[in-house]
Structure formats: structure tokens, C-alpha cells
Amino acid sequence: PTSDAVASALYQKMFVALSRVMEARGVDLAWGRSLYRRLRALGLVEVGMEGYMLVWEGGSACASMMRANFEQVREEATSAGFITNEEVDQVLTLLDDPNFAISQHPMFTAWGRRPHP
1 PTSDAVASAL
11 YQKMFVALSR
21 VMEARGVDLA
31 WGRSLYRRLR
41 ALGLVEVGME
51 GYMLVWEGGS
61 ACASMMRANF
71 EQVREEATSA
81 GFITNEEVDQ
91 VLTLLDDPNF
101 AISQHPMFTA
111 WGRRPHP
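In my numbering, the protein residues as written are 1 to 117.
Simulated from the structure, these hints should not be mistaken for lab results.
Be aware that one or more of the hints could be misleading.
Simulated restraints, written as ranges between beta carbons of each label pair [as the list claims (entries may be wrong)]:
no. : residue 1 : residue 2 : range
1   : Arg25     : Phe108    : 15 to 23 Å
2   : Met107    : Glu76     : 19 to 27 Å
3   : Tyr52     : Arg25     : 20 to 28 Å
4   : Thr84     : Arg25     : 17 to 25 Å
Idealized CB from N, CA, C, for every residue including glycine.
Based on the sequences and whatever the hints tell you, model everything.
Take a look at the structure:
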């Protein structure tokens, strides 16, 4: 959502570094998108799914949460060469700037019911 292409690219680089660290730790980042298929595979009917996406401004509580996430993986991400310490510092500064806005991956809700016998 931010209009600053350089800031957006830097944030995206940090987010990709976070994702790579999480995947290396065994997190399945596509799991939420598979809910519909998983519910159908269980034999549920009237399955549905919807996504909700948030936009967070720098300085918000949600931006603070992302700051904590980035700080937690900082050492591992920089050691792996995914991003530099200087770039992480720049991203953390962006997260305090109310003129910077980011969107997150959608949060999914899925539902279904067992078929009547």
C-alpha cells in the first residue's frame, strides 16, 4: 500500500527473509490456503472459505508485532545472507513511520459440515 517503491521493496525483502527462516524451521506458509481442499478431503459438504486482509500503518500495534517478528529472526536471516543488518534497521525504522503502510497475507476462515446420512 505504500507509495514509496524503494521502501516497499525493502520491506518485501525483509518479509521474504522472515518467510525463508520460518520455512527452514518447518512452517508450512501455504497451509491456510489449503483449508478448503483439506475440508473437502475430509468429506465435508457446504464447504466455504473467505480471506481477510489488513493494511497496517507504521507505528500501529500491528506494525509493532511485525517488528517483534523481524527482530526474532534477525540473526538467522542476516547470517544466512537473506538481508543485511543495515537493511533490517531500515525496515524497523519504516515500521515506526505512520506514512508507511503494509498489507499482510490474508487470514482465512473456512467451514463445512458433515453430510447427513
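**Prompt:** Regarding methionine 107 and glutamate 76, is the given constraint of 19 to 27 Å on their beta-carbon distance met?
**Reply:** holds (25 Å)
Next item on the list: Take the C-beta atom of tyrosine 52 and the C-beta atom of arginine 25, compute their distance, and say whether it sits inside 20 to 28 Å.
Entry: holds (25 Å)
| query | Has the hinted range 17 to 25 Å been met by the Cβ atoms of threonine 84 and arginine 25? | reply | holds (21 Å)
Taking 15 to 23 Å as the hint, is the beta-carbon distance of arginine 25 and phenylalanine 108 inside that range?
For arginine 25 and phenylalanine 108 the Cβ distance comes to about 21 Å; the hint holds.
Violated hints for the displayed structure: none, as all numbered hints are satisfied.
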